[in-house]
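Chemist: Below are the chains, spelled out letter by letter.
6 protein chains.
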Amino acid sequence: MYYFDKRLQYPVKVDAPDPVFARMLQQAIGGVEGEIRVCMQYFFQAWGARGPTTKYRDMLLNTATEEIGHIEMLATAVAMNLEKAPTALQEEGAADGVVGAVMGGGSARHTIEGMLHRHILSTGMAAFPANSEGVPFDMSHIYASGNLAADMYCNVAAETTGRTLAVRLFNAAHDAGMRDMLHFMIARDTMHQEQWLAVIEELGGHEGALPIPNSFPQSAEHAQFNYNFFVTSADGSVPEAARWNSGPSVDGRGEFSTFVNKPMGEEPVLGPARPDSGAQAEQIADAPI
Amino acid sequence: MYYFDKRLQYPVKVDAPDPVFARMLQQAIGGVEGEIRVCMQYFFQAWGARGPTTKYRDMLLNTATEEIGHIEMLATAVAMNLEKAPTALQEEGAADGVVGAVMGGGSARHTIEGMLHRHILSTGMAAFPANSEGVPFDMSHIYASGNLAADMYCNVAAETTGRTLAVRLFNAAHDAGMRDMLHFMIARDTMHQEQWLAVIEELGGHEGALPIPNSFPQSAEHAQFNYNFFVTSADGSVPEAARWNSGPSVDGRGEFSTFVNKPMGEEPVLGPARPDSGAQAEQIADAPI
Amino acid sequence: MYYFDKRLQYPVKVDAPDPVFARMLQQAIGGVEGEIRVCMQYFFQAWGARGPTTKYRDMLLNTATEEIGHIEMLATAVAMNLEKAPTALQEEGAADGVVGAVMGGGSARHTIEGMLHRHILSTGMAAFPANSEGVPFDMSHIYASGNLAADMYCNVAAETTGRTLAVRLFNAAHDAGMRDMLHFMIARDTMHQEQWLAVIEELGGHEGALPIPNSFPQSAEHAQFNYNFFVTSADGSVPEAARWNSGPSVDGRGEFSTFVNKPMGEEPVLGPARPDSGAQAEQIADAPI
Amino acid sequence: MYYFDKRLQYPVKVDAPDPVFARMLQQAIGGVEGEIRVCMQYFFQAWGARGPTTKYRDMLLNTATEEIGHIEMLATAVAMNLEKAPTALQEEGAADGVVGAVMGGGSARHTIEGMLHRHILSTGMAAFPANSEGVPFDMSHIYASGNLAADMYCNVAAETTGRTLAVRLFNAAHDAGMRDMLHFMIARDTMHQEQWLAVIEELGGHEGALPIPNSFPQSAEHAQFNYNFFVTSADGSVPEAARWNSGPSVDGRGEFSTFVNKPMGEEPVLGPARPDSGAQAEQIADAPI
Amino acid sequence: MYYFDKRLQYPVKVDAPDPVFARMLQQAIGGVEGEIRVCMQYFFQAWGARGPTTKYRDMLLNTATEEIGHIEMLATAVAMNLEKAPTALQEEGAADGVVGAVMGGGSARHTIEGMLHRHILSTGMAAFPANSEGVPFDMSHIYASGNLAADMYCNVAAETTGRTLAVRLFNAAHDAGMRDMLHFMIARDTMHQEQWLAVIEELGGHEGALPIPNSFPQSAEHAQFNYNFFVTSADGSVPEAARWNSGPSVDGRGEFSTFVNKPMGEEPVLGPARPDSGAQAEQIADAPI
Amino acid sequence: MYYFDKRLQYPVKVDAPDPVFARMLQQAIGGVEGEIRVCMQYFFQAWGARGPTTKYRDMLLNTATEEIGHIEMLATAVAMNLEKAPTALQEEGAADGVVGAVMGGGSARHTIEGMLHRHILSTGMAAFPANSEGVPFDMSHIYASGNLAADMYCNVAAETTGRTLAVRLFNAAHDAGMRDMLHFMIARDTMHQEQWLAVIEELGGHEGALPIPNSFPQSAEHAQFNYNFFVTSADGSVPEAARWNSGPSVDGRGEFSTFVNKPMGEEPVLGPARPDSGAQAEQIADAPI
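Chains B, E, Y, F, P and H, in that order, are what the protein sequence lines are. Just so we're aligned: the first sequence equals residues 1 to 289 in this note's numbering. Just so we're aligned: the second sequence equals residues 1 to 289 in this note's numbering. Just so we're aligned: the third sequence equals residues 1 to 289 in this note's numbering. Just so we're aligned: the fourth sequence equals residues 1 to 289 in this note's numbering. Just so we're aligned: the fifth sequence equals residues 1 to 289 in this note's numbering. Just so we're aligned: the sixth sequence equals residues 1 to 289 in this note's numbering.
For the record, the hints were derived by calculation from the structure and aren't laboratory data. Incorrect hints may appear among the rest.
Any copy will do: because identical chains look the same in the list, a pair fits if it lies in one copy or spans two.
BS3-like, lysine-lysine: derived pairs with alpha carbons at most 30 Å apart [to be verified]:
hint : residue 1 : residue 2
1    : Lys84     : Lys6
2    : Lys55     : Lys6
3    : Lys55     : Lys84
4    : Lys6      : Lys262
5    : Lys262    : Lys13
If you're wondering where the values come from, they're calculated on a predicted model, not measured in any experiment.
The task is simple: from the sequences and hints, build the whole structure.
Modeler: Shown next as structure tokens:
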């Protein structure tokens, strides 16, 4: 069960509203690297967590719940950046916009052209759950596999792309309030990268957790090909030695080697189409075409 | 540039075709844990790779190219599993199907009810780029961030969920040929988990690569909050000590601690709606409602 | 900012797990009539609420936060219904499944054929944010228009389809625990229908709120056509008198009438294609084809 | 069955073509507030209408058929606004565009930057069924629930957001012809809001139609919680009295009250993962981790 | 502008309702090979048609309008096939269903397992705009390119896959009424294949219309490679002579030949990542890694 | 199985990088007319090809493999066009951008406003599998029907819209390197249009291949309506004679004629809603409303 406090987790202030920066912030709300994704991902991992202890479920609930507050901060920041945005294409407005851009005035520095038009047409100058191109967030990006270690790496992936996005937004921003909010968010992404990797360590690190799932006996996998770097270059040229193609494997259970790939199977032959399958007659007849 | 050999990378044989297993295999083709995803993800990472060396691009091309062959094997396996599938709902056929299921005969063991209907209606008994529920693969799942380390963790995430899926398919399968194909694929997923983690090691491991991106100065992030586990439980109860909330951080640059979350910001106040913004009059007027 | 209690809002118990009912419950999680939708819809309406008072924002936050707990209950119910679900297509299992269905035993009453396969392959027997056909929830369904009254009707629409869904799930369910959970949810949907309509009443009801947006002067709309029922039947047959085509309008500002539709515009003539626009030459040349 | 007249329902004229306004108009074609949505929504409601009378089916067919003509008008308006749009990024063209914008000339006032690029690349300067950001319309937005009253509220929701959009387009427009077309459309949206609410009145209004579906006996719902406003604020603060939390309910069947939410359920405990489910070994073993 | 007649274009009768056939019919409504697609495709082609004559626009309007009636027939057929479908998973019902399937009784021959669950949960036993797996139709499949000849081939593609689907539905059907409806639809698909190819003939056939667009001067394309079949086999093996790799080209403007593909370009070298671009430090530094 | 050569199929050079042209090129990567589509379409057609000969499978593999190289060229071109793109909205940068546009300088001629923001925020200045509006490619566009002739027409459709797109990109481009790359691609699209039509000729041309599928006996289709142009104009006006409504049919098996459409069916009457189906009570009761 859940509760709210109407105050924000961290201050959100915008001195010089910029509707194009509002568009950029949408990526951190509804982009695949954004906050809806991590929030919902951690919740669904928590709600489906199986195992003899509830401590992972608890941990996930703590962080998922924190992330709702991050969506809220960003949605608030979008609305604030849209405070002085244009609503019309009329002559004076548009011209002003461009002139403003050239002059670099403190507000409304960008024109309607670079805005998300749905900020004007669909939301009345507020955030919506879509990315910086206006593409709605799609919940297929919620990775919750039922395997604790796989989920942790999905979370690391989410937070590394998430912090990369936050850094890019920080670099793009010109407003002091926005930069302050983002440096808080970058710090939280640092912690979250650490947190999920720490779980892997608690689960035994590379040696204990890999290969994931570790409940499948490695004796049943094809032992000839589980630590080989497959080369698929047309001329068979083999890359120089690197950490991933020679030496001990990361999990300490094998030795990396290189295998120049070649077909082990045959050309596949499918049966002909059946008469009632809607194929062309030529695909059904036995005679060669 | 690319070339093909019409033979398969590894043998694909199906003794007892099962159209419901054909449905399951679709998850490994067009699911978010599947082969189209890793193939395209590694290609786009390769094609956008920036940096002073081309060795990461080369490595990625080797593996991306291997993955095309995996999609091919799975698509072939789907078509073979559909060889004796029913095409009609007519009385005898359906009855046979159910009886067959009870009897456990060698083929057509499952009825039309459990099949993907698009295997009958749209593809003429062949694979298509969708998952086991018939949902088409959506290319938004191709993660290629422009940050090498973030990409590696995205790849680890893909291969851990990928191997988990392959293991589940192996467990669900009853056909010897399918199990042989899958134990090869499980082995390759093992290697690919290793491979991307090995790149992280080459990039300095946790100490060198974290926090990602490592090109953003940690001095600019909010130092008070970058190694704290935030507690959001309503009663403020703090989890017991664990690897992720006490002791040295994973990257060795900080110390984990616990922070009982409370609002640092204020209740946000947005400006009123503007007269020309399509809001209700009550949102525009100054008088309290 | 947000907090959690690890206990559920209302008890969730499953005596006879049924994996096909787990599939059905997914509609209430990730369907367009489901709980993710209302939760996120109320949050985005709250976070973008403009106007002289914060009371609508507060109300929306109270209810949005309640809805997180509803998603949690349903996700828990899905996982519980999957407790004894089959994982394999092997002979005995599948045969057992069908026999079980005929016998109507207390658990595993349905076979793998009627399940969502992603419950086996992608989530390890847990919920995911998709509907009962496995289609992921798409955030374009979050309606938050920036117009308070329009938003309230969007919420009524969500709760009427939501309660209709809950009733259908109740009718489909056979488990006492599930029926108890659903009768709680049906009650909450009743309240939420009431709640949004009560806001419309507070905003002046039909007379005060319509037409939405009421900030656009009706004097500027085309007064000849704003209370006419347009007839488009090919034979010009006019429906009998009904509440919507005769008598006073709902908002009390007009009188309903019937208008037999006929073209008021002309056949549109677009300019020819330009030479550099990639059209066929015939679309560019001036001579008639 | 259906027929067409090649003339438009209402005149569509564009004096000063503006390719950025063409982009905006796309929202009214393929946006969730747009005309494809209402057209298809009313058709599917009509085609699935059940009940002892065909009068609702007839009414819906009249209006659905009218809406095809609205899509046609908007598609024509898009094509006309694209008549003088740029097709190239070449130096002179682009420079002209920006200069034009500054000068506010009568046509081509906006540059290629603010256009939908698919207007150039995919359609050859014509409309397509996507919104103002180029996101294709997705038919999951067609709400047709099989419950007549729920459908009516879905229609009210569509027309309130639809009229809000039309007003915003009117405010953004600078062309007299476009403003004339839009004031006709705003009038039609007024009527359609009225029309669906009038059906609710004919169905007994709030008292007769609520709670929806009214075919489920309220005696079977959880009577303790069907008229309570649930408070989820962390500090338990209760909102002041308002129409929605005190006094008689809207349907006249209950009394609104306030309930300070607290967990009635327990912490959920899921069973451990099964050995063949692809989980980590730690989730399977009985020993505490 | 448009009109309706409430009677159907062709009779729709269902003697033995089958809810699994209702699912199959959905592919012809909301599948990519279905009727919504052709209806909307022909409308958008008509509404954007440019050129010196309106005859193509007129022809397209005639056929697009016909297609609305086809969607209507199919939606009616879906609702009729759902007349006796189960609504509950309760013990007796499910058991009856399976027994019914074995016995092949005249109605309710299939169980709830093979149904689209949204027919029960979302539509109340009616059609919706989705395919046979429940995936909503996505308007990105409306191909209207602004090039008349390209559009005609898109239409041929739609009608060839459409007739293939209709034939598969005919083969799957067991009800006389459904077979009668489908043989009418198959006939109409025959005509529509013919119709679009006839337009190509009127536009000059292969010689006059190809290559599409014919408004781009072939002198500007790379003349060395416009009639060569490129061989990409790894061993350079060249296919035997066939219509597409030797002899005169289809448009009569060239001669087919075979070219064994080899790289004409170099290994691409992208610039290093910029310091402010969120890349890893290793991608930015100049020193080789 | 597949191999790569790290060199490109054809040279890709960019003298004057333009981030807005990078956006345009995305349409050729991830647009419905683009290269991912044809690549994957030809692969899935190959992998599912049934019939007595493997020559169509081989042909398709040759061309599908070629297309991977086209995606690679375009992705490289996107990255190169983004080399000097802006990363920030800061004052000087933005102002420079606009001034640059006016002056038409050799690089960075367009501002951040016309860019895809995901090029900055998600990819670090590289391509991604989305179109020119940032909408991700959706694999439902891979048409592989199991009918060889239908597939060929789907391929013609893809290549005609593909060449139209390439011509539009050529017209929009200002860089000599980009124009050279595109004139190569235009030539390849010419060949591919030819190639698929040549297969139709080998399959007997219009006479042998039509109607598709040709394995369904035309005697079973509704012979009265398979060569009639249906007129649906409200006034019954019949178009003038044209190739598609008079004279011999394209396949030589019939004679075109014109049929003025009228209802052959009756008004459909669906059964009332069942008591347990979640409808309103009025839809269930027998008495007229």
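Chemist: Compare the structure with each hint and give your call.
Modeler: A quick look at each hint next to the structure:
Taking the shortest Cα distances, Lys84 and Lys6 sit within 30 Å of each other inside one copy (25 Å), while across copies they are farther apart (42 Å). Proximity of Lys55 and Lys6 under a CA criterion of 30 Å is satisfied in both settings, with 28 Å inside one chain copy and 11 Å between copies. Taking CA atoms no more than 30 Å apart as the test, Lys55 paired with Lys84 passes between copies only; the shortest distance there is 24 Å, against 47 Å inside one copy. Taking the shortest Cα distances, Lys6 and Lys262 sit within 30 Å of each other only across copies (11 Å), while inside one copy they are farther apart (62 Å).
Proximity of Lys262 and Lys13 under a CA criterion of 30 Å is satisfied inter-copy only: 18 Å between copies versus 60 Å inside one chain copy.
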